[in-house]
Amino acid sequence: MDFVPVILTVITASTPLLFAATGELVTEKSGVLNLGVEGMMLVGAIAAFAVASTTGSGLAGIVAGAAAGTVMASVFAFLTLTMLANQVATGLALTIFGIGISALIGAGFVGFALEPLPKLAIPVISDIPVIGPILFGQDILVYLSFVMILAVAWFLSRTRPGLILKAVGESHDSAHALGYPVIAIRYAAVLFGGAMSGLAGAYLSLAYTPLWAENMTAGRGWIALALVVFATWRPGRVVLGAYMFGAITILQLHAQGWGIEIASQFMSMLPYLATILVLVLISRDKTKIRLNAPQCIGKVFHAAH
Amino acid sequence: MKRRTVFKALASALSVGILAAGMASASAQTKVGFVYVGPIGDHGWTYRHDQGRLAIEKEFGDKVKTTFVESVKEGPDSERVIRQLAASGHDLIFTTSFGFMNPTIKVAKRFPNVKFEHATGYKQDKNVATYSGRFYEGRYIAGVIAGKTSKTNKIGYVASFPIPEVVRGINAFLLGARSVNPAMSISVVWVNSWYDPGKEGDAAKALIDQGADIITQHTDSPAPLQVAENRGVKGFGQASDMEHFAPKAQLSAIIDDWNPYYVERTRAVIDGTWKSQDVWYGLKEGMVQMAPYKNMPADVAKLAKETEEAIRSGKLHPFAGPIKDQSGKVVVEAGKVADAGMLLGMNFYVEGVEGSLPK
Numbered sequence: 137m138d139f140v141p142v143i144l145t146v147i148t149a150s151t152p153l154l155f156a157a158t159g160e161l162v163t164e165k166s167g168v169l170n171l172g173v174e175g176m177m178l179v180g181a182i183a184a185f186a187v188a189s190t191t192g193s194g195l196a197g198i199v200a201g202a203a204a205g206t207v208m209a210s211v212f213a214f215l216t217l218t219m220l221a222n223q224v225a226t227g228l229a230l231t232i233f234g235i236g237i238s239a240l241i242g243a244g245f246v247g248f249a250l251e252p253l254p255k256l257a258i259p260v261i262s263d264i265p266v267i268g269p270i271l272f273g274q275d276i277l278v279y280l281s282f283v284m285i286l287a288v289a290w291f292l293s294r295t296r297p298g299l300i301l302k303a304v305g306e307s308h309d310s311a312h313a314l315g316y317p318v319i320a321i322r323y324a325a326v327l328f329g330g331a332m333s334g335l336a337g338a339y340l341s342l343a344y345t346p347l348w349a350e351n352m353t354a355g356r357g358w359i360a361l362a363l364v365v366f367a368t369w370r371p372g373r374v375v376l377g378a379y380m381f382g383a384i385t386i387l388q389l390h391a392q393g394w395g396i397e398i399a400s401q402f403m404s405m406l407p408y409l410a411t412i413l414v415l416v417l418i419s420r421d422k423t424k425i426r427l428n429a430p431q432c433i434g435k436v437f438h439a440a441h
Numbered sequence: 039m040k041r042r043t044v045f046k047a048l049a050s051a052l053s054v055g056i057l058a059a060g061m062a063s064a065s066a067q068t069k070v071g072f073v074y075v076g077p078i079g080d081h082g083w084t085y086r087h088d089q090g091r092l093a094i095e096k097e098f099g100d101k102v103k104t105t106f107v108e109s110v111k112e113g114p115d116s117e118r119v120i121r122q123l124a125a126s127g128h129d130l131i132f133t134t135s136f137g138f139m140n141p142t143i144k145v146a147k148r149f150p151n152v153k154f155e156h157a158t159g160y161k162q163d164k165n166v167a168t169y170s171g172r173f174y175e176g177r178y179i180a181g182v183i184a185g186k187t188s189k190t191n192k193i194g195y196v197a198s199f200p201i202p203e204v205v206r207g208i209n210a211f212l213l214g215a216r217s218v219n220p221a222m223s224i225s226v227v228w229v230n231s232w233y234d235p236g237k238e239g240d241a242a243k244a245l246i247d248q249g250a251d252i253i254t255q256h257t258d259s260p261a262p263l264q265v266a267e268n269r270g271v272k273g274f275g276q277a278s279d280m281e282h283f284a285p286k287a288q289l290s291a292i293i294d295d296w297n298p299y300y301v302e303r304t305r306a307v308i309d310g311t312w313k314s315q316d317v318w319y320g321l322k323e324g325m326v327q328m329a330p331y332k333n334m335p336a337d338v339a340k341l342a343k344e345t346e347e348a349i350r351s352g353k354l355h356p357f358a359g360p361i362k363d364q365s366g367k368v369v370v371e372a373g374k375v376a377d378a379g380m381l382l383g384m385n386f387y388v389e390g391v392e393g394s395l396p397k
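Those sequence lines, one after another, are chains P and Y. With this note's numbering applied, the first sequence closes on residue 441, and no number is skipped along the way. With this note's numbering applied, the second sequence closes on residue 397, and no number is skipped along the way.
Among these hints, one or two may not hold up.
What the hints assert, rightly or not - Quick list of simulated restraints, FRET-style, between CB atoms:
1) K111/Y x A399/P: 32 to 40 angstroms
2) S394/Y x A320/P: 33 to 41 angstroms
3) K111/Y x L240/P: 17 to 25 angstroms
As the list claims (entries may be wrong) - Listed next, the stretches of chain P that the computed footprint assigns to chain Y, with coverage defined by at least 3 CB atoms under 8 angstroms from CB atoms of chain Y:
4) 237-251
5) 381-389
Derived from the structure by calculation, the hints contain no laboratory data. C-beta atoms are modelled at their ideal positions from N, C-alpha and C, and glycine is treated no differently.
Could you put together the complete structure from these sequences and hints?
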């Protein structure tokens, strides 16, 4: 059994989750809960597909996907941060809106096929057996997903703006009293989350299954949301969670092909079961989950003048 | 307070959408409603049903008003949608997925004056007719092509749910393949979804990685076929001609054509001649069609055409004996064909399918 193609498939299944979860991590760290990930991903997916198929440029598609996700997030940010609407309801509405608008825009693109994003093969190195294709034969978005999570990890723990962002998420009143622009910082975090969700969508429609199909995210946005909690808001665990989730999804398909006699319904359930299990294990340690969970998450901020 | 208003606004927006579609017409118009399991843009199963709906509009113009609700989950949610269509004055309602069966029967009892048509089910009532296509005929032809084309003798089958309709397709495919190449086998991966392009594609990748060089699917998106195209193996379109997704990989496609049936049944409602029935149309009646045979040698295409013709004329039955199940037991004896009961309730794999059928 050659396991290299299996690992390659796991990477493609995990990348969109990693993107979306990275974005949501930053959003939540600033104290905002955006449940609209699924909707932002879908709009990112159709924008990326539309631009890539009309211009013929995958890169333009990627940019368009990120931009479209940002636009969706800006709607959310305006409603919740400026108009002070309830974040949970607005996030849910954003997802429903995203499903609808992406289907509307996508109506003209149904049935188009696209060349998948090229793999950035480096001569010689990519030809090394096993590690060559895994480490050096991916498309640009896979590399970008790792660059982004590393950058976010560094930003949140090693930079002053990152610490301020976390402070806003922990206690917006204290941050406000110290003179930090709470709303502006949250705007930035929400828009970043949108851009990442847009990239996750772009990956789906440009590389994962290079076609546009309505509702093609099929719940991956919700999984990304769960991953952030699963990771107890820690970047390292976000990577771990995204790849574990991707691996279980792919391996259960392989197990069926190998003829392992476990009910396929059970296999389909496994990724979710694993998330819940790890969640329970982590949550047992109350101090750990409290240490990392942003205290002001989901709370509306009224600036007291 | 705020949350409540948002939800209220959402709820009313949703119901207004359906009601507006319902109330726009005068009572002289015949109203036909459709409940779809996927989006109309799936380019497969639901897309073909929606083509049928458009055929009704084209045929009757202003005399008929059609509405549809797409991406309806099978189960309790669908009952709500069907009831809403029935309550908003629809005369004829098509519910187009197996899982809508019990909700359709349940709602039909409450609305005796509304006519219901349920696709692929087996429960009828005074005002519930059922209809389906003999898609296994197409699967058998696809199997013949696969048996002649495959080099690894292994077929990868991306399947949705272990219901008789799907199991029948798997068996027909293998019987077709083995009729020309007894060494053929099928590996099945269940994705437990009708529509999840990402997962369907992943399943196809897994099957190719395990040595399958023919991919076929009983799910609704073109993703598995597209994976076949990108990995350089062959495959088949499902429900629609999917050639533009896989110009090099698509050998043929099993096309569902609901248009004539939908037009005929709508006319029956307008004329007041509608009666409950159970139809199962195949190649002969045109409900099942094959896309052009491509990407294969001329002799294979010729054999496929001959097989198609033999099934259409009734000379060949895909489930003609002898047929053995996985344990080697003869389930259909030589000289006989599987009866309707066995076909409709098929719950076993024939010899040559790998793994065991999920219960």
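Hint by hint, here is what the structure shows:
A hinted range of 32 to 40 angstroms is violated for the C-beta pair K111/Y and A399/P, which are about 21 angstroms apart. Take S394/Y and A320/P: their Cβ atoms lie about 60 angstroms apart, and the range 33 to 41 angstroms is violated. At roughly 21 angstroms, the beta carbons of K111/Y and L240/P sit within the given window of 17 to 25 angstroms. For the region 237-251 of chain P, the proposed coverage by chain Y is satisfied: 7 residues have a C-beta within less than 8 angstroms of a C-beta in that chain, meeting the threshold of three.
Here's how the region 381-389 of chain P fares: 3 of its residues keep a CB closer than 8 angstroms to some CB of chain Y, so the rule of at least three is met and the hint holds.
The earlier numbered hints that this structure contradicts are 1 and 2.
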